[in-house]
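Visitor: Listed below are the residues making up each chain.
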Amino acid sequence: MIRLLAAHRGTAALLALLTLTASLLVAGVPRALEASLDESAATMLRTSPPLTTALTVVLESTYSSDVPDGVEKVTQANDLWRAALPPNVRSVLDHTARFGYRTAWLQISATRHRYVSLAWANDVAPQIRYVAGKAPGPSDSPKRFEIALATEPAAAFDLKLGDTIEFEGYQGVITGLWEPLTPGGTFWNSYHSGMSEVVKRRPPLSEETDLFITALADGNALAKGKMDRLYNWTYQVNPTAITARNARDVLDGVADAGREVAGGPRSVSVATGLPIQGMGTSLVTGLDQLIKEFLDRLATTRALMAVLLGGLAVACFGTIALAVRLLGSRAHGSLTLMRARGGSLRQITVVGGGAIALAVAPAALVGAGLSLLVPGPSLPILLAGPVALAVAAIAYGCVQTARAHRQPIAESRDDVVTRRPSPRRIALEVLIVLLAAGGVQLLRTRGLGDDPFMMVVPPLLTVAAALVALRVYPFPLRLLLRLAARRRDAAPYLGVAMAARAATGATLPVLTLLPALAICAYGSVTADGLATAQRLAAWQQVGAEIRVQRSEGFPADLIERIRRTPGVEQVVPAAVGQTNAEVGFTGRDTAVVAVDLDAYRKLMAGSPLDIPRPAAGGALVSSDLAAMSSFDITWPERMTVQPKGKIASLPGVDNASGLALIVLPAQPKYTNTLLVNGDAEAVRKAVPAGTVVRTVEDALAEITSVPLVSSLVTGLRVVTLSLAAYALAAVAIMLVSGAAERARALTLLHAIGLTRRQAKGMTVLEIGPVLVLAVLAGLALGLGLPTLLGDGIDLSAYAGLPFGDYPIDPVTPALLAGGVAVVALAGVYLGGSRAKSR
Amino acid sequence: MHSLADLEAQAGAAKPAFGAAAHILCDNLVRIYKTEGVEVVALQGLDLLIDKGELIAIVGASGSGKSTLLNVLSGLDVPTAGLARVAGMDLLSMTAKDRLRFRRSVVGFIWQQTARNLLPYLTAQENVLLPMRLATGKADRARAGELLDLLGVADCAGRRPGEMSGGQQQRVAIAVALANAPEVILADEPTGELDSDTSEEVFGALRRANRELGVTTVIVTHDPMVADEVDRTIGIRDGRTSSETLRRTSEDGGVIAEEYAVLDRAGRLQLPRDFMTALDMERRVRLELERDHIGVWPANQGDEQS
Ligand SMILES: Nc1ncnc2c1ncn2[C@@H]1O[C@H](COP(=O)(O)OP(=O)(O)OP(=O)(O)O)[C@@H](O)[C@H]1O
Ligand SMILES: [Mg+2]
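Protein chains in written order, with the UniProt record's numbering: chain A, 1 to 838; chain B, 1 to 306.
Bound conformation, chain A alone (with noise of 0.2 Å):
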């Protein structure tokens, strides 16, 4: 066996070197894929405020008799209601204890708007030092208590150590005044915001500023104070220990605490991070909605990736297949031998599918040894690849050894023996075909998910092509054929001819490179678009090569500077800002924009952006205001706006949450925005401190820095090379499995009289044919896929925008798919030479 292996090492080094490559990629790729997976989990983890994915455990006096009555019951609970929580949420939750209750927002006596609310925390006297007084201790009544405050509130409420502050029939004696140790950071800002500075906020409708401090209390005291508190158990989230894989339990577990702990999880107010209240004891946590979040962005670049890796799945397979095909034909001499020589059909599968099991597996094992030093979880499932290719390798080679060997007779006449089509395997070729259509429906409708046969059909779908297309190539190549034989040189023709006779042959380099290419083509589409999309909705969010922002305006001398500044192109001044439209009883809210639409026009000539033109003698408005013959504005000025077209959006102008539009085209007497075309650096440099400068490269580079995103168009890319090279490895196999028969064929024509062109253009011209069919089929198929598979796979979540609304761009892929095809048909040129020379 080892000697067969060694008397063919081209071969099997071949085959070992594809099987090799292939584990590699198909281990690694969604291993790194994983990686970047976990990593933007956690870094959606760690750029969430802290007490959004936290959850915290809250309980309210008012609602429940059975509250803690100090510190230590506080402290007890804290491992309680650990122990309480689901085991697979307590096991990504960090160790910090973090507990404490605080008193509701109790009003300053002789005081308007002025708040204060009494706090215990376990993990804040470590954080603070006591500038003046001491730490509040227990109190003798109930009624009235030891404080201390930081020296901001106090200062901002002209408060001095010793004071006493009453409040709805409470007292409290400020014995201490602190400041933090280390002023901002999470634990000020976020854990215990509003607890060492003066909180403010403004009613809606309230001309006037409410204020709110805190004031620390003796834990114990507190607990057995009478007012009513608000008692949490925060439980951290450890940001690495959600990762791709155990997202969705962690999710079933954040819902089971929710149940657990009281009627489900509740929301945090966005705006304070604080939570919102519920009753008696309840899970607050937005960890739930960013899991779902994360969730669904993870299916996209789950679906998209398993398109992509079945597609290389298949045409790995497909190029191993024809490695082993062609180890089988070489070794079939030795095989033939051994079985004449009374070798049962048993040893000589043995030992031909040994032959490459021994070239597989090891190389298999070694990929996907390699695979691990590509960063990623350790995941025994990746390791699924590699086995089961090098498995449906060595199987291969076991059915094709034993096929061939069957009969044991020593001669097989293949020249005469042309097979006809059986019915077994048409039928089989039909049900893919039914598989694949009904599956592409099914997509259609039901999008990508989750489910393995949805992740099927795409490379079934470019298996069921592949075959399609082998049915209908004898056609075109019979037409060929024909013309062939009308020209009055023999060599096209005979190499038709050949090409006609090869047609048999050509199904596993169809089926292998037509799906390679297909893929090939998907993914750079894919690529592309994304790219293209983002880069969209860079321009859309800035709305120019760079905007320049100044809350305080631009005057006029300002703008001539910045235009005059070398560097800088086009400059247009725009007013933008939201107003309300007097319209109906409350009016409508609106963004406004002033600008020149002509000058704005020009400066963005060039960019993937239209900007509407101007409407003769009125303003563009969103539509809900369209139908308004006038009405009025104070925004950037006191006036009266005649719509006279409908615009939906305009670059650069958040409208979306609802809000109307209004396109001014004019420019504005009040500048508050800079569109402007030229050297961004230079910009910078020439505007005042406190103006906002945002580049369309800056909108880009954040886009495309999300982990995810970055990892998911590299993991693209790496597909489409892959794919691309395996459909030349594919070419070079099919060539080489030829060589010997065509050598002969052609040593005979050279013989009487072939010349040395002739040869390669016949070469040319017999594998051409089978390389021009699954090249353009492949090609077509993946510029198809997009469109056939619909909205199964919605890149949206990557582009900040809706994807597959642009044109698809078959540019590149035509350009990799052509290449492939040059570079094979330069490949089967040369070697038609070698040929000869043999």
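Careful: at least some of the hints might be erroneous.
Residues on chain A that point at chain B, a partial pick, calculated with CB under 7 Å [what the hints assert, rightly or not]: (1) Ala7; (2) Ser334; (3) Ala340; (4) Arg341; (5) Ser344; (6) Gln347.
For the chain A half of the interface with chain B, some residues (derived, Cβ under 10 Å), not all of them [claimed, not checked]: (7) Ala6; (8) Gly10; (9) Thr336; (10) Leu337; (11) Met338; (12) Arg339; (13) Gly342; (14) Leu345; (15) Gly354; (16) Gln407.
Footprint (simulated), chain A over chain B, 3 or more residues, beta carbon under 8 Å [stated by the list, open to error]: (17) 102-114; (18) 263-277.
Because the hints were derived from the structure by calculation, they are not lab data. Fair warning: this is a prediction, and the values are worked out from it, not measured in the lab. All residues carry an ideal CB built from backbone N, CA and C; glycine is no exception.
Go by the hints and put chain B with the ligands onto chain A.
Guide: Chain B with the ligands in isolation, oriented as in the chain A frame:
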């Protein structure tokens, strides 16, 4: 004169065990290749009897079915109809398992192409051991050495086919064929690729195997030298045995070769083509039974018009 019915009755009732004693027996053997609607009848009712220990040659024009016959006899190919028995085993009714056993221990086979007989990456000795390994899993090195010795290629034991001459390769191939002590050796043009001296060596080796091991040996050949040196040469034409040449040594030491036409059990006879052309025989002839022979005359004009 006997009536046709009489003849048939006689034929049917005659010796119930036709060729029962023969080591190789073919009776009315037919092999039809079917490819894409076209049928090629490679063997069309071939009869053949070979005794144990015989050394015979089979000759015939290209495409006459010699290789097909040998493939059938070696159990590599299955005949379409007829009877074929080798060493008491019926080749038509054999199960796949029997067939495998048959190939392993009953027949040995040598092909024309020297390269096809041996695995290029094994040494001569390993090549000889291969059939043993395949058959029993055991490798009898001593026996391999003996066989190589017997065939005069003991010095090649450690060499690979590429390092041997064509004649040496073929002799190793004979050793391989003999590895499992078969009862029959079938050689399909074993000297076809060799020059006459080397052919002589290879044929000598085959004859030695035949004499010393008592193996029934069938050689397909185009080589007149080989054909002249065996006891019996069987000619095949169009898929059936047409002639037999028997050789015996006369009293004065010269070899007397007598050529016979083969008469099958149904009484069919093939006339040599040159006889037929010489007398312009076509489609039908007139037969006349004489006391000790049968006369064959071309049909005359009058006959043809009737
Ligand atoms: N596998 C096959 N399929 C179809 N026809 C075949 C096959 N093998 C042999 N034949 C045909 O059967 C006939 C006998 O072939 P065979 O190889 O037995 O001839 P041969 O006597 O060995 O000729 P040669 O001396 O050239 O080797 C030929 O007409 C040949 O074309
Ligand atoms: Mg032959």
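Visitor: Hint by hint, say whether it matches the structure.
Guide: Outcome of the hint check:
1. Ala7: 4 Å, holds
2. Ser334: 5 Å, holds
3. Ala340: This interface hint holds because 6 Å falls under the 7 Å limit.
4. Arg341: Holds - the Cβ of Arg341(A) comes within 7 Å of chain B, reaching about 5 Å at its closest.
5. Ser344: 5 Å, holds
6. Gln347: With Cβ-Cβ at 6 Å, under 7 Å, it holds.
7. Ala6: OK, holds: Ala6(A) within 10 Å of chain B, min 6 Å.
8. Gly10: 14 Å, violated
9. Thr336: At 8 Å from the nearest chain B Cβ, Thr336(A) passes the 10 Å test, so the hint holds.
10. Leu337: Leu337(A) check passes; min Cβ-Cβ to chain B is 6 Å, inside 10 Å.
11. Met338: 6 Å, holds
12. Arg339: 9 Å, holds
13. Gly342: Given a least distance of 3 Å, the restraint on Gly342(A) holds.
14. Leu345: 8 Å, holds
15. Gly354: Violated: closest Cβ of chain B sits about 14 Å from Gly354(A), beyond 10 Å.
16. Gln407: Given a least distance of 8 Å, the restraint on Gln407(A) holds.
17. 102-114: Satisfied; 5 residues make the cut.
18. 263-277: violated (count 0)
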